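Asker: Each chain, letter by letter, is given below.
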Amino acid sequence: MIVGSQKPIDEIWNMVKDFKKILVFGCNTCVAICHAGGEKEAETIASLIRMRAAQEGKVMEVNHMGVMRHCEPEYFDPVMDEVKKYDLVLSTACGVGVNFLSDRTGTIPVYPGINTSFYGAVESPGIFVELCAGCGDCILHLTGGICPIARCSKTLMNGPCGGTNKGKCEISENVDCAWYLIVERMKQLGTLDKLSEVLPPRNWSSARDGGPRRVSVEHIREYEEKESQNSETGGKK
Amino acid sequence: MVTSENKAPAGPYRPHGADIKETRPYSPCRAACPAHTDVQAYVGLIAQGRYNEAFEVIRSVNPISSVCSVICHHPCEQACRRCAVDEPLAVRHLKRFAVEQSKEYRRSKRKLLPKTRNRSIAIIGSGPSGLTTANDLAELGYGVTIYERHPVLGGMLSSAIPSYRLPREMLQEDIDDVLAKGVEAKTNCDIGTDIMFNDLMKKHDAVLIAVGLSQSRSLNISGVEGPGVLLAIPFLTDVAFGKKPELGNKTLVIGGGNVAIDVARAALRLGVKNVSMVCLESAEEMPAWKWEVDEALEEGITISHRRGPKAVQRKDGRVQGLEVVKVRSVFDENGRFNPSFDNEQTSMLEADSIIITIGQMTNMSFLKDSPVKTDERGRIEWNTATHMSSVNGVFVSGEVVTGPGSAIAAVSSGHRAALAIHLYLQGEPIEGALPPQEKEKIAQLPADVAEKIGKEPRQKIIHLAPEVRCDTFTHFEIGYDEQEALIEAGRCRGCGGGAVVDTKKCMACLTCQRVCPYGAPVVTAASEIRPEYCQACGLCAPECPGQAISMVSYDVREIRNSMPSVVGAVDAMRQEPVIVAFLCTHHAGVQGFGVLRNVRTLPVHCTSRIDILDMLKAFECGADGVAVVRCSDGTCKYRGISTRVNARVNRVKELLEMLKIGKDRIELLSSSSANGNPWSAVCADFTERIKQIGLRTVRP
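If you read the sequences in order, they're chains A and B. Residue 22 in the working numbering sits at position 22 of the first sequence, and the numbers go up by one each step. Take any residue in the second sequence, note its place counting from 1, add 237, and you have its number in the working numbering.
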């Protein structure tokens with residue numbers, strides 16, 4: 001899932017302070033699960049903005065709302081009339097949601113209420129860890145299920161580097177060395193010998209270097225249909 | 238929301254979650270109560286100091302709440318899931334506390350109800366069942382007349398139950414509530430003598446026969462006729478109306494039921510030095526409630542078990558004693574009452590008076606010339622699905638048709654009869670419209686959950702010492718004081734009042750499953766919180782990021798929504814800081830509300846129910862400081878609460894720092910009224926700390 005974290009109230013305040021009517025709009029899927037931007041967190045941020053406005057002597061109307069997802073129009077279409085009553089939408093969805101909603105609100109700006117951090121997992125309650133970089137060309141079968149793109153600080157395809165230190169990365173003693181983990185895991189799997197093969201340089205065109213990406217699933221996408229095919233004639237003429 | 242006063246609710250009272258509860262299994266206490274009193278709701282309200290509301294919950298299903306608060310056989314307690322941990326909750330005694338606390342309130346609520354329906358109903362008999370039907374029909378806007386052959390209302394409650402068990406002023410409170418609604422009462426009015434039954438049918442649109450079982454059965458043994466042998470009900474009626482039947486010095490009571498105990502204990506209070514009982518059953522088989530037997534034994538009454546009466550022995554016409562035979566068995570192989578005797582083994586029990594208490598029956602002679610059919614044994618023919626007799630418009634309820642039972646069972650029967658009469662008068666079908674009497678209930682406490690629940694002894698119920706109470710018909714039981722009642726109410730596990738998930742909002746994030754100390758939630762496509770596991774602490778609800786969890790017994794948004802009115806207008810010129818104090822109502826105690834004028838108190842079932850948003854809301858509404866007052870270490874009734882509440886308070890501190898309001902304006906504190914550190918002292922200390930920090934100048 002996508003993991004996010006709340007922005008400091010000062011930063012939010014600087015974004016919103018010149019607006020009169022603000023909707024803090026929560027997204028109840030990924031960012032709710034990581035307690036960053038669901039409807040409840042939207043309500044918390046709305047409360048903080050109101051308190052800050054009172055401190056600054058500003059008159060503002062700040063409300064909150066939430067829908068299941070900001071990244072699929074069917075979820076927010078039913079409340080768009082309500083959303084459009086505001087001067088500003090502070091979306092607590094991930095960046096995807098902010099972009100997606102912003103494309104559909106006309107003259108009303110949509111600002112981000114949280115920072116979108118990474119694709120991650122729940123290591124233990126309240127602890128979220130980054131495990132995938134969405135590079136578009138998965139090689140986890142070659143690295144014991146541990147991603148060097150997301151989890152090695154240098155995204156090395158062949159590691160570890162000289163900065164590995166008793167299983168930790170040179171950038172911090174709190175960060176595991178991904179290549180150390182890969183070696184240990186492949187030992188456990190009995191596939192360590194595969195590491196003697198040098199992995200070739202990556203083709204980054206499937207990742208961000210190739211520009212914005214799209215995936216089209218042909219059997220699911222919408223098609224324009226001829227009227228005769230679309231009518232329920234049951235094959236009878 | 239709760240405030241520092243014990244506020245009277247407006248309009249008919251419905252506890253929070255009343256509608257949701259109807260869609261879910263009942264708590265075992267509620268399912269066991271014939272009237273389905275929402276025990277969990279009123280005990281929870283008592284724990285929060287909301288006594289009037291607790292009374293309203295009780296009264297909403299039970300018009301003889303005062304009576305039941307002292308005499309009910311409390312099947313709720315026998316069903317209490319705390320039995321798996323230590324002892325059941327003292328539900329009846331808590332009811333008594335709520336009733337006693339709300340005396341003025343209930344009097345203030347008495348009012349004449351308008352007769353909105355141009356129909357009248359006659360009710361014959363004013364016992365629990367008749368009073369209940371009268372109450373319900375008056376509330377529906379009917380004209381109701383009660384016909385009672387005794388000079389006072391109450392049926393067996395006033396004419397048979399001794400006042401040491403049921404003080405008459407308590408009964409009178411219940412009767413006054415019903416009469417205040419506009420119910421007419423004709424006392425000293427014997428149907429069949431003063432008014433003919435057929436005339437009653439002509440005069441009213443419907444008639445209810447609720448005459449109970451007011452006649453004692455006798456024994457067909459030699460010597461039974463003559464002075465010195467009495468029947469239970471006439472004896473108890475004499476006692477109830479202040480007469481003093483002649484008993485001598487040695488009284489023997491035949492019978493092993495609850496009425497026999499009443500008779501024996503009443504005889505003792507009339508000054509009989511030596512009172513004994515004889516019954517067919519062993520101590521284990523005796524039908525009387527064990528606690529009543531124990532109380533009788535405490536008073537010095539002796540019981541001869543497994544003896545059957547054979548003959549009353551007389552000399553010169555005076556009773557000398559009872560010849561008894563040994564009982565082989567009381568019940569046959571099918572468990573039916575069918576005693577067998579060993580006639581070879583006889584013995585003599587000395588007595589100069591004997592009171593026969595072997596069962597009751599009814600006298601249906603008033604129906605003699607009426608079309609109401611009775612069977613060969615004189616019992617009224619009736620349809621249990623409609624409460625109607627063989628005659629259209631003539632209904633029956635209570636013990637006259639159900640057989641001997643409890644007061645609360647008669648209340649339940651009275652409610653059903655009232656609904657049946659209402660439907661009949663509206664021309665609607667009755668069959669199938671009366672609610673089912675058996676309710677689905679929450680399963681027993683799983684063993685692994687029972688192990689996690691801390692033992693807390695039941696608050697003792699104090700009785701007058703036997704040597705004191707036996708000399709008087711004064712009520713022998715002492716009510717709880719407030720401290721005892723609050724502690725006892727805090728023992729309730731809140732079965733059936735716990736967490737429920739709105740599956741439309743649940744995103745199956747597992748948070749509830751991770752935080753629950755009892756393993757109640759199981760998350761698959763959505764969370765399901767298993768009611769038999771849930772202890773209603775409320776820890777999960779504030780942690781749910783989708784706000785999908787609510788508590789049946791508690792509106793999770795109640796605090797936030799009511800915060801503006803709780804905090805009130807904040808005076809810019811104030812000298813004292815405005816403090817909002819969330820108080821655990823368990824061991825922190827709720828006594829002493831309103832002592833500190835600057836503290837706005839919000840009693841909560843447990844501090845685990847307080848959301849980060851609730852704390853922020855207090856500041857948003859202008860509070861200078863917020864105290865979250867939990868119970869002291871080692872006294873929390875739940876597990877794993879303080880760490881999580883502490884984490885929430887720390888999160889609020891972080892947010893307050895960001896807002897430059899300051900982290901020290903909120904604290905998690907602990908108090909215990911039991912160890913001399915009541916919440917008021919804790920809040921006074923916190924007030925001083927906030928004064929040091931200073932009052933907030935920015936106001937919303």
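FYI, nobody ran anything at the bench for these hints, they're computed from the structure. Owing to the predicted nature of the structure, the values given are computational and were not obtained by experimental measurement. One or more hints might be untrue.
[As the list claims (entries may be wrong)] Within a straight-line C-alpha distance of at most 20 angstroms, the following computed SDA-like cross-link-like pairs (lysine to any residue) qualify:
hint : chain 1 : residue 1 : chain 2 : residue 2
1    : A       : K21       : B       : E857
2    : A       : K17       : B       : E904
3    : B       : K890      : A       : S206
4    : B       : K900      : A       : P8
5    : B       : K897      : A       : E56
6    : B       : K742      : A       : I9
7    : B       : K348      : B       : E376
8    : B       : K742      : A       : K17
9    : B       : K418      : B       : T382
10   : B       : K692      : B       : T382
11   : B       : K897      : A       : D77
12   : B       : K741      : A       : I9
13   : B       : K890      : A       : I9
[Stated by the list, open to error] Some, not all, of what chain B presents toward chain A, calculated at C-beta under 7 angstroms:
hint : residue
14   : Y250
15   : D256
16   : I257
17   : I667
18   : L671
19   : P673
20   : G783
21   : L850
[What the hints assert, rightly or not] A few chain B residues that face chain A, going by a derived Cβ cut-off under 10 angstroms, partial list only:
hint : residue
22   : D475
23   : I849
24   : P915
No residue lacks a Cβ here, since even glycine has one placed at the ideal position from N, Cα and C.
Asker: If a hint holds in the structure, say so; if it doesn't, say that too.
Answerer: Cross-check of the supplied hints:
Distance check on the hinted pair: A/K21 and B/E857 sit about 18 angstroms apart at the alpha-carbon level, within 20 angstroms; holds. Between A/K17 and B/E904 the CA atoms are separated by roughly 30 angstroms; this puts the pair beyond 20 angstroms, and the hint is violated. Note on B/K890 and A/S206: the hinted pairing is violated, with a Cα-Cα distance of about 45 angstroms set against a maximum of 20 angstroms. Distance check on the hinted pair: B/K900 and A/P8 sit about 16 angstroms apart at the alpha-carbon level, within 20 angstroms; holds.
Between B/K897 and A/E56 the CA atoms are separated by roughly 12 angstroms; this keeps the pair inside 20 angstroms, and the hint holds. Restraint check for B/K742 and A/I9: not satisfied, since their Cα atoms lie roughly 27 angstroms apart, outside the 20 angstroms limit. Only pairs whose Cα atoms come within 20 angstroms are accepted, and B/K348 paired with B/E376 is accepted, the gap being roughly 11 angstroms. Between B/K742 and A/K17 the CA atoms are separated by roughly 31 angstroms; this puts the pair beyond 20 angstroms, and the hint is violated.
With a C-alpha separation of about 12 angstroms, the suggested pairing of B/K418 with B/T382 holds against the 20 angstroms cut-off. At roughly 51 angstroms between alpha-carbon atoms, B/K692 and B/T382 are farther apart than 20 angstroms, so this suggested pair is violated. A hinted pair counts as satisfied when its Cα atoms are at most 20 angstroms apart, and B/K897 with A/D77 does not qualify at roughly 38 angstroms. In summary, the hint linking B/K741 to A/I9 is not supported, as the alpha carbons are separated by about 31 angstroms, beyond the 20 angstroms threshold.
Pair hint B/K890 plus A/I9 holds up; C-alpha atoms about 13 angstroms apart against a cutoff of 20 angstroms. For B/Y250, the shortest C-beta to C-beta distance to chain A is roughly 30 angstroms, which exceeds 7 angstroms, and the interface hint is violated. Against a cut-off of 7 angstroms between C-beta atoms, the interface hint on B/D256 is violated, since the closest Cβ of chain A lies about 24 angstroms away. Taking 7 angstroms as the C-beta contact cut-off toward chain A, the hint placing B/I257 at the interface is violated, the least distance being around 21 angstroms.
Interface hint at B/I667: violated, since its Cβ lies 45 angstroms from the closest Cβ of chain A, which is beyond the 7 angstroms cut-off. A cut of 7 angstroms between beta carbons decides the hint on B/L671: the least distance to chain A is about 43 angstroms, and the hint is violated. With a cut of 7 angstroms, the hint placing B/P673 at the interface with chain A is violated, because the nearest CB-to-CB distance is about 38 angstroms. With a cut of 7 angstroms, the hint placing B/G783 at the interface with chain A holds, because the nearest CB-to-CB distance is about 5 angstroms.
For the restraint placing B/L850 at the interface with chain A, the shortest Cβ-Cβ distance is roughly 6 angstroms, inside the 7 angstroms limit, so the hint holds. Residue-level restraint check for B/D475 is violated (minimum Cβ-Cβ distance to chain A is 68 angstroms; threshold 10 angstroms). A hinted interface residue such as B/I849 counts as satisfied when its beta carbon comes closer than 10 angstroms to some beta carbon of chain A; here the least separation is about 6 angstroms, so the hint holds. The restraint placing B/P915 at the interface with chain A is violated, with a minimum CB-CB distance near 31 angstroms, outside the 10 angstroms limit.
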